[in-house]
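**Q** Chain A is fixed; fit chain B onto it per the hints.
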Amino acid sequence: MEISNLPISPSHRGKLLAAGYTTLASLSSISPVQLAQELNIALQEAYDILKVTSESRNFESCNEGLGEGASLFSHSRAKTAWDMLSEERSLRHITTGSQKFDAILGGGIHCSEVTEIGGAPGIGKTQLGIQLAVNVQIPVDYGGLGGKAVYIDTEGSFMVERAYQIAEACISNTLDKFNFQGMDMRACQEKMQLNNFLSNIFYFRICSYTEQIAVINYLEKFLEEQKNVKIIIIDSITFHFRQDFDDLALRTRVLSGISLKLMKLAKKYCLSVSVLLFNQVTTKFTEGSFQLTLALGDSWSHACTNRIILYWNGDERHAYIDKSPSLPSAAAPFSVTCEGIRDALPQYKRARTT
Amino acid sequence: MRPQNLLELPGQKCTVGCPLLDALLGGGLPCGSVTEIAGEAGAGKTQLCLQLALCAALPPSHGGLSAASLYIHTEFPFPLPRLRRLALLFPAPAASPSSSSLDHVLVRGVHTAEELLAVLDRLGSVLQRPPSGLPVKLVVVDSIAAIFRSDFDNNAADLRRRSSLFFAIAGRLKEQAARFGHSVVVTNQVVDVVGSDASSSVRVGNYESLWSSGRRVCPALGLSWANCVNSRVFLSRFEERAAKDMDQEEGSCVGAEFGKTRRRMQVVFAPHLPESSCEFVILKRGVLGIQDQGRQEQQASPTSSRRHSWLNKIAKRLPISAGIDASCSLPVAVEATLG
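Residue numbers (full-length UniProt numbering), protein chains in the order written: chain A, 1 to 354; chain B, 1 to 339.
If we strip away everything but chain A, and leave its shape as in the complex, we get (with noise of 0.2 Å):
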């Protein structure tokens, strides 16, 4: 297949065609930030083209495969690691809000990765949620993703007041750090309405585990609509499965299929979908004591690609990261504050009244 028949803009077909690639193979093995320098387009056009020449490549070589006998990889295209690390190096993150939380994340919460966050009750795992709902949706021009948030909630936790709250603190932060940069106040503020912060959160309150497995089963469809969606939230992945469910090994079944449905939306909504599982905690009765663990279960515990646990220390929280691909264990305090998540500074320390 050639160059020139690829669905792309014709613009960036003369650009293709200028710096000399005719053929999809000479495509193959690029880069999207090589691409974006060498035709000096922007980062995120240079993926678009990639991703349809991809998408071309694999239907030529499914159809040369079935003549040939179908290899394995004929449909998945294998990666090599540096593309691989050039794309993660591209992924964008969604900040916490608190520096030292992002700083041990490695710049907030990744994209196309599935996070589990675990802890006791009370201790901000849904102040969390509605803080990443919120920040994910700060605008491109201003350091954000510019996305919209999905928010499963299955406890009937998430406030619409603090979700104000939140995002009412998010837009004038925002709105500080950049009237310092002199950018234009209004056309700042046209983009950040409080209105619009809330409406971009679409919110599925779900009262029974089928409902989760029809919403999550419903979500793939409901992505290819709703584009711009760049996180997923499901708080939590398990409170309905601890009621009802007295065949273990089927429950154990049921997760690891949601969660490999969950990775496979990662992943396949590739730089757009980070899936955040919130985890509530339980004791695990082990050689005779009882000691705190995660719910649902060791073989859950394969089920996420990152595992990070909010704890008390003292009268600080702090959160740690139990378990990533990439990061070292590393753990980081941060406070809740009424504006939302932030940095844990010691006027954030309140007074005691007990």
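None of these hints come from the bench; they were simulated from the model. Check each hint, because a few of them may be wrong.
[As the list claims (entries may be wrong)] Where chain B lies over chain A, by a calculated footprint (3+ residues, C-beta under 8 Å): (1) 30-39; (2) 122-129; (3) 156-166; (4) 193-206; (5) 236-243.
[To be verified] Restraint ranges, calculated between C-beta atoms of paired labels, are given here: (6) G124/B / P7/A: 51 to 59 Å; (7) A103/A / A157/B: 41 to 49 Å; (8) S56/A / Q128/B: 52 to 60 Å; (9) G42/B / S172/A: 43 to 51 Å; (10) F78/B / P325/A: 37 to 45 Å; (11) D176/A / H111/B: 54 to 62 Å; (12) V33/A / D121/B: 55 to 63 Å; (13) S86/A / M1/B: 32 to 40 Å.
Built from N, CA and C at the ideal position, the CB exists for glycine as well.
**A** Relative to chain A, chain B alone:
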């Protein structure tokens, strides 16, 4: 299956019958979510719940929901005399002026967890066809702990059976709260925390430890139940008598009306509330918050001067002589005395 629009979600709140406590709770108890009120015996849990049940019938202009309430009690007998005394303070609901405020408090007793589950399963039909004419917008379970404290042994199998019942009950309560938009209140007892082994107890919520009557306590039913509620409010009490020996002559001016018990309401965790607390008193006219002037003072060791200014303050604000006007609803009465 469509996502809900957050701008159209109703964020209704039900007043608890006192502007100060409402302020602590961000306007009252939120509909569609489960709030737990924990506290030791005599902390005021039941009194608060009875008051809430009556407040639900108040018109929205007074912070109520103009609705009936369902009171599921597990401790027998039902405190009817207390409810009747309180009901005198409440006018008949505006929606049906011919009825008394007591007509809109539905009462049901349950003895076991299974029975509670069965009642909750049938709750949907009651909520759809409310017997008193007003829709039911408040469900109180007083107390959840009582039914779990007797039937279960302290072994792994029983604990597992118990926690799966927690999740089943909480699941039903939340499902119906989401579907019908009512507010759910459950009360919980407390257990003493023995020893100071930090590894065995997980800190839940804003407070490292909770104290009541000078003992370190924590809400009963453990961590799995804590996962089942959306918000937890803790009521603590402290007997002033402990400090009385030191300054007996000064203690004589303490009004008998107020007793010698100081009480405090603390937000342990809630998705919409910051850590905060408020002192309150229980009077004939109900559970009322009082302005917190001693936030920094340690509850366990109040100095006598502070205590006196505190007592004077209530005495000024809530004159004992003020008659209770039965035709006047509670929040109005309180506002009037506050003004």
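**Q** All hints, please: hold or fail.
**A** Now the hints, each set against the structure:
Under a criterion of three residues with beta carbons nearer than 8 Å to beta carbons of chain B, the stated coverage of the region 30-39 of chain A fails, only 0 such residues being counted. Given a C-beta distance limit of less than 8 Å, the hint that chain B covers the region 122-129 of chain A holds, as 3 residues qualify and 3 suffice. With a threshold of 8 Å between beta carbons, the proposed coverage of the region 156-166 of chain A by chain B holds, since 8 of its residues qualify and at least three are required. Only when three residues or more bring their CB closer than 8 Å to a CB of chain B does the claim for the region 193-206 of chain A stand; here the count is 8, and the claim holds.
Coverage of a stretch by a chain is defined here by at least three residues with a beta carbon nearer than 8 Å to that chain's beta carbons; for the region 236-243 of chain A and chain B the count is 5, and the condition holds. Checking the proposed 51 to 59 Å range against G124/B and P7/A shows it holds: the Cβ atoms sit about 53 Å from each other. For A103/A and A157/B, the hinted distance range of 41 to 49 Å is satisfied, since their beta carbons lie about 45 Å from each other. Taking 52 to 60 Å as the suggested C-beta distance range, the pair S56/A and Q128/B conforms, at roughly 56 Å.
G42/B and S172/A have their C-beta atoms about 46 Å apart, which keeps the hinted 43 to 51 Å range intact. A C-beta distance of roughly 58 Å is found between F78/B and P325/A, which places it outside the suggested range of 37 to 45 Å. Our hint of 54 to 62 Å for D176/A and H111/B holds, since their Cβ atoms are close to 59 Å apart. Separated by about 59 Å at the C-beta atoms, V33/A and D121/B satisfy the suggested range of 55 to 63 Å.
As the Cβ distance of S86/A to M1/B is approximately 38 Å, the hint placing it in 32 to 40 Å holds.
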